[in-house]
Amino acid sequence: MKLPRGVRDAAIALGIIIVFGSLAMLLAGVNPLDGFSALLIGALGNVQETAETLVQTTSLLFPALGIALAFRAGLFNIGAEGQLLMGGLLAGVLGEQLTAPGFVTIPILLLAGAVGGGLWGALAGWLRARFAANEVIATLMLNYVAIQVAAYAISGPLKSAGGAGYETGELPAQSWLPTILPDTRLTVALILALALAFFLRWMLRSTVVGYQLRAVGDAPQAARRAGIDLAKMRFWTMAASGAIAGLGGATVVLGVLHRFNLALSPGYGFIGIAVALVGELDPLWVTVAAFVFGILQNGAIGMQAAANVPRDVVTAIEGLIILVLAGRRIITRNGSD
Amino acid sequence: MLSFLWLMLIKSAPLVYAALGGVLCERSGVLNIGLEGMIAIGAFSGVSISYATGNAVIGAIGGVASGALLGAILGLAATRFRVEQIVAGTGINLIALGGAAYGLVIVFGQPGASKEVNALGPAGEIAMVCLALALAGLLHVFLYWTRAGLHVRACGENPRAADVAGIDPLRVRFWATTAGGALAALGGVFLAMAELDLYSDGMSAGRGFIALAAVIFGRWNPLGAAAAALFFGAFEALQFTLQRTGIPSEFMQALPFVAALVALAGFAGRARAPASDGIPYTRAR
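Heads up: the sequence lines are chains A and B, in that order. The opening position of the first sequence corresponds to residue 0 in numbering that gives the first Met the number 0, with each subsequent residue numbered one higher. The opening position of the second sequence corresponds to residue 0 in numbering that gives the first Met the number 0, with each subsequent residue numbered one higher.
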């Protein structure tokens, strides 16, 4: 049952891309065939570009997995962007200072990223559990608080000698994530993200915690009667969801930029919502969806360079896919239980 | 002092428009995350149409219409198609912001910012500031003193009861969201055509989300939301003055969101959202 729907969704998404993409290319005076071939060559044309597409896939996959986990528990976490930023901030600031061999610093810094994002997610979880604050609005507002907190920290009290403007100095080379393809930016972060996806799929399907988490999302009343502490479950799910997004922020810092920059995410946390929903909140399909969005993200750059189609059109098309595909799934919302 | 008040009003006006749009949507039961995109599309379309026709007023009307269209799309998605409103709103934002950035290249042949166009000028600026304040009062009267306003609120609180009483919640929500989009787009028209005379990428600069914060801080009530928008606008106007006192500008930029969180958590009086805010409604057969 899963596959047919997945195939249908893929067909719809492809249809949107072809119809609206062609329209946008024609308006820009470009032959759609040239435009789309530029997009595909830009995304998958050679080893370098394919690697870069996989880098984008990785950066989208972490927040998307975190979002999927929260949604499965009926928690609308739209704060992945802020959680990712806080994770990146902690990893970047700490990473610039740490000078030890990589096998020591890298695990510490990845953990720091998870802690940063986890705390930011937990803040929303706490507001929800303690004050019954609507987590949609809380996580949304916290995104913008996160930007200001990071901007203040990085230009004020945590300003480093090597940093300029809204970024830290470069991390010591031993703390960079090892690449898995020479001369590309593709690092072990991809393997980590895939492992996480498999772990989450296993956890959700085959463990007691996973079952409880889904129960809280699907039938909170029944879950409570069965003795599950809803408030506790929601708090820890938000924390875990934030931690996964924060881990993603840390991999961008350690693997892609080698420093923290306030603009490290071009909206991974928002597009991640679409990735999670198009992937039906199932970690396996979320991974596939992340790859498709990765192709769009990276292909857009090639399309702009080779065919002169403004890459922003890809953002608009992603928005359309979100509107048509991602919103259809009604998440069981437990506003009043 | 007078010049500060004027600056505050200018900084507040776009927030007031968008916040009023947000109040109208949420009162009917649609949580409109897409305000940001509606501001942007209003600003971009207004400038583009003014560029094409050479007439600022036609441009402004076109800008508002584009916001209404985007609101209608969200309204349809949220009612007939029962799409998750928050997700749909996120989609609307990407469509509008991406579309405007793409449109700059198509219409003006240059990325980043449009050319300068015929705008509404100082008189238009004054008129639009007054209109924003007047609309706050009008929306209040509409929501609390008219039959139609009661219907809107009923759909946001208890759509089932409204339905039983003969009101079609889907219809009410659709029109409220369409009008809300038009209001938010007025904020964009103000930014691009009253305060300035061009559109540039990132011009909305998170104002849609500050407006959402104002809706919450203003307790989902037009006068309250407008007051909150004025309050946030005052901080924006004070930014340069306060910076000299040593308060980091980041604190002031975070203030609207922190204020909303505080209101949401129930300090200083509980902020209660309309009971069915953001929850899709299905008509019983």
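It is worth saying that the hints were derived from the structure and are not from the lab. Possibly wrong hints are sitting among the right ones.
Pulled from the structure, derived: some chain A residues nowhere near chain B, Cβ distances all over 12 Å [claimed, not checked]:
1) L13
2) A27
3) N45
4) T98
5) G101
6) E134
7) N142
8) Q147
9) L191
10) W201
11) A225
12) D311
13) T314
Below, a sample of chain B positions facing chain A; criterion: calculated Cβ distance under 7 Å [to be verified]:
14) G90
15) A100
16) V106
17) Q109
18) I246
19) P247
20) A253
Sample of chain A residues with no beta-carbon within 12 Å of chain B, all distances over it, derived [said to hold, decoys possible]:
21) A50
22) L110
23) A152
24) P156
25) A230
26) F269
Beta carbons: idealized from backbone N, C-alpha and C, even for Gly.
Taking the numbered hints from earlier one at a time, note which ones the structure violates and give those numbers from smallest to largest.
Violated: hints 2, 6, 7, 8, 12, 13, 16, 17, 18, 23, 24, 26.
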